[in-house]
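**Student:** Sequence:
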Amino acid sequence: MNKEGRKRPWLAVLLSLFFPGLGQLYNGQFAKAVSIFALVIIVNMLSREPLEIFLQFADAGALGDVPRDTLTLVAGYSLATLFIAGISIYDANVTAKKINLEIEEKRS
Numbered sequence: 001m002n003k004e005g006r007k008r009p010w011l012a013v014l015l016s017l018f019f020p021g022l023g024q025l026y027n028g029q030f031a032k033a034v035s036i037f038a039l040v041i042i043v044n045m046l047s048r049e050p051l052e053i054f055l056q057f058a059d060a061g062a063l064g065d066v067p068r069d070t071l072t073l074v075a076g077y078s079l080a081t082l083f084i085a086g087i088s089i090y091d092a093n094v095t096a097k098k099i100n101l102e103i104e105e106k107r108s
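Just so you know, the numbering used here puts 12 at position 12 of the sequence shown, and the rest follows in order with no gaps.
Note that these hints are calculated values from the structure, not bench results.
This structure is a prediction, so every number in the text was calculated from the model and none was measured.
Mixed in with the good hints there might be a few duds.
Straight line, CA to CA, 30 angstroms or less: simulated DSS-like cross-link-like pairs of lysine-lysine [what the hints assert, rightly or not]:
no., residue 1, residue 2
1, K32, K97
2, K106, K32
3, K98, K32
Computed spacing ranges between beta-carbons, pair by pair [what the hints assert, rightly or not]:
no., residue 1, residue 2, range
4, I87, E49, 21 to 27 angstroms
5, Q56, I87, 18 to 24 angstroms
6, P67, K106, 53 to 59 angstroms
7, G61, N100, 51 to 57 angstroms
8, G64, E102, 30 to 36 angstroms
9, I87, A62, 34 to 40 angstroms
10, S108, I87, 27 to 33 angstroms
11, S108, D69, 23 to 29 angstroms
12, L46, V94, 24 to 30 angstroms
13, L82, R6, 28 to 34 angstroms
14, E49, W10, 35 to 41 angstroms
15, L101, A60, 40 to 46 angstroms
From the three backbone atoms N, C-alpha and C, an ideal C-beta is built for every residue, glycine too.
Full structure from sequences and hints, please.
**Tutor:** Here it is, written out as structure tokens:
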């Protein structure tokens, strides 16, 4: 952020790529950032057990024997994580640009 309060959209995107919600925090959206952090933590907590089961089969070289419900859960949690990250990245970029536009409009 520079002295005028303008945001760097590329930085907001980069922060959200690093960890979903950091871009929102950079943009000053504390509640949204905490919500995204919470979603990521919840999804990661829920995916822990199915992922451990999957990795046990992978370590044993028996991926073909992984129970179908475990595969479904691992895939679902992976997609949920990617979805949350994608929304976070998109929102951080759009919000940073919106903040900059509002600053420019106030100057005019």
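**Student:** All the hints need checking, so say for each whether the structure fits it.
**Tutor:** Results of checking the hints against the structure:
1. K32 with K97: 17 angstroms, holds
2. K106 with K32: 25 angstroms, holds
3. K98 with K32: Holds: K98 and K32 sit about 16 angstroms apart, inside 30 angstroms.
4. I87 with E49: 21 to 27 angstroms: 25 angstroms, holds
5. Q56 with I87: 18 to 24 angstroms: 32 angstroms, violated
6. P67 with K106: 53 to 59 angstroms: 58 angstroms, holds
7. G61 with N100: 51 to 57 angstroms: 53 angstroms, holds
8. G64 with E102: 30 to 36 angstroms: 55 angstroms, violated
9. I87 with A62: 34 to 40 angstroms: For A62 against I87, whose Cβ atoms are near 35 angstroms apart, the range 34 to 40 angstroms holds.
10. S108 with I87: 27 to 33 angstroms: 31 angstroms Cβ-Cβ, so the 27 to 33 angstroms window holds.
11. S108 with D69: 23 to 29 angstroms: 58 angstroms, violated
12. L46 with V94: 24 to 30 angstroms: 28 angstroms, holds
13. L82 with R6: 28 to 34 angstroms: 30 angstroms, holds
14. E49 with W10: 35 to 41 angstroms: Given about 37 angstroms between the Cβ atoms, the range holds.
15. L101 with A60: 40 to 46 angstroms: 55 angstroms, violated
Violated hints, listed in ascending order, are 5, 8, 11, 15; each of the other numbered hints is respected by the structure.
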